[in-house]
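S.K.: Could you build the full structure based on these sequences and the hints that come with them?
There are 2 protein chains.
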Amino acid sequence: MEKLQTLIKEEAIVISDQVIVMDTFLNHQVDPAFMMELGEQFASRFKEHHITKVITIESSGITVAFATALVLGVPLVFARRKKTLVGDTEMLVERVPSFTKGMVTDIMVSKQLLSETDQVLFIDDIIANGDAARGLIKIIERAGATLVGAGIVVEKAFQSGGAYLRESGIQVESLVKIASLTDGEVQFSS
Amino acid sequence: MEKLQTLIKEEAIVISDQVIVMDTFLNHQVDPAFMMELGEQFASRFKEHHITKVITIESSGITVAFATALVLGVPLVFARRKKTLVGDTEMLVERVPSFTKGMVTDIMVSKQLLSETDQVLFIDDIIANGDAARGLIKIIERAGATLVGAGIVVEKAFQSGGAYLRESGIQVESLVKIASLTDGEVQFSS
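Line by line, the protein sequences are chains A and B.
Using UniProt numbering, the first residue of the first sequence is number 1, and each one after it goes up by one.
Using UniProt numbering, the first residue of the second sequence is number 1, and each one after it goes up by one.
Simulated from the structure, these hints should not be mistaken for laboratory data.
One or more hints might be untrue.
[Stated by the list, open to error] Here are the simulated DSS-like cross-link-like pairs (lysine-lysine), alpha carbons at most 25 Å apart as the crow flies:
1) B:K3 - A:K82
2) B:K177 - B:K3
3) B:K9 - A:K111
4) A:K3 - A:K47
5) B:K111 - A:K9
6) A:K82 - A:K177
7) A:K138 - A:K82
8) A:K177 - A:K9
9) B:K9 - B:K177
Predicted model, so just to flag it, every value in this text is computed and none were measured.
M.R.: Right, dumping it as structure tokens:
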């Protein structure tokens with residue numbers, strides 16, 4: 001994904017050696033046509049699976065997850081991060097820390113939206129420590145559904161999330177891997 | 001939008017005379033192809049405007065706003081609801097109450113994403129009291145951009161948000177209007 005690397009080089013802001021802001025093209029504004037290209041990439045990389053649902057966690061992964069689900073012709077589920085007025089007994093809930101927000105949140109998926117026959121593709125914009133991903137994977141397991149893989153737009157490869165998922169035997173497809181953000185400079189790895 | 005009314009009749013859960021849950025087709029899971037139909041509706045209803053950006057507020061409006069932006073061929077901006085690690089001086093912020101969440105949140109848009117030449121279409125899944133919409137409209141005004149209209153999937157017409165926007169001279173296009181939720185029953189208005 002050369003275009004994605006170019007956008008990161010030209011538009012992303014490196015805040016520290018841990019944090020990169022990609023507001024103009026990923027986390028706050030997106031070009032829908034470009035998101036469709038990313039969705040086609042994910043659909044192609046997981047095409048041997050019989051995916052029945054795409055799942056993401058609100059909110060900045062929703063655009064690319066929607067694009068992927070549109071290409072695959074399957075529903076998109078977005079896990080919620082807060083309690084709503086619905087009774088908890090209808091929800092599968094996992095508590096996870098959030099690296100970027102510096103707080104703990106509950107992520108939740110309604111029981112009626114995942115079943116034992118579901119083959120689920122997890123899509124997200126960024127993976128860092130993978131805490132939210134781990135929580136979501138527990139929810140998928142608790143529902144009895146099958147996780148067929150994880151498609152990530154930008155993997156911060158210097159943090160442990162991607163490696164953890166791969167070591168767990170999950171097929172992880174990252175469109176771009178960032179090896180380091182040292183000295184305000186983005187270094188990619190292949 | 002007969003299909004939308006059917007989905008509401010068959011799948012929505014009326015929690016009280018104020019609250020309806022549309023998790024299976026709007027707020028937690030979506031059918032991407034159906035969202036594209038809604039996006040085409042909005043694109044068609046605002047086609048006389050030269051829209052340069054679609055804007056929504058995270059997170060459950062993102063799918064239909066993305067679909068609309070994809071049809072229109074313009075960027076999608078999603079306003080954020082929480083402080084991130086980026087400095088506030090780069091952000092236009094408005095504090096708004098949230099009816100469904102029972103709390104106050106800050107909504108924010110990066111200054112670099114809205115300019116005086118922008119013709120902005122606001123898209124959201126639901127309008128109730130319109131507090132978030134009012135906050136977002138203030139942000140659009142502060143950026144010097146022009147709001148060309150508001151496209152809403154489900155308007156809770158027994159609450160004041162839609163009427164407020166129309167009285168402010170804004171073109172509001174709601175695909176479905178709910179007149180009342182009394183006695184657990186959804187009544188539509190035309």
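S.K.: Evaluate each hint against the coordinates.
M.R.: Cross-check of the supplied hints:
1. Restraint check: the Cα-Cα separation between K3 of chain B and K82 of chain A comes to about 29 Å, which exceeds 25 Å; the hinted pair is violated.
2. At most 25 Å may separate the alpha-carbon atoms for a hinted pair to count; K177 of chain B and K3 of chain B meet this at roughly 13 Å.
3. For the given pair, K9 of chain B sits about 21 Å from K111 of chain A by alpha-carbon distance, which is consistent with the 25 Å threshold.
4. The straight-line distance between the Cα atoms of K3 of chain A and K47 of chain A is roughly 22 Å, inside the 25 Å bound, and the hint therefore holds.
5. Taken as a hint, the K111 of chain B and K9 of chain A pair is honoured in the structure, with Cα atoms around 21 Å apart against an allowance of 25 Å.
6. Our distance criterion of 25 Å between C-alpha atoms is broken by K82 of chain A and K177 of chain A, whose separation comes to about 30 Å.
7. Restraint check for K138 of chain A and K82 of chain A: satisfied, since their Cα atoms lie roughly 17 Å apart, inside the 25 Å limit.
8. The suggested pairing of K177 of chain A with K9 of chain A holds, with an alpha-carbon distance near 13 Å, which does not exceed 25 Å.
9. This hinted pair checks out: K9 of chain B and K177 of chain B have alpha carbons roughly 13 Å apart, not beyond 25 Å.
Comparing the model with each numbered hint stated earlier shows that hints 1 and 6 do not hold.
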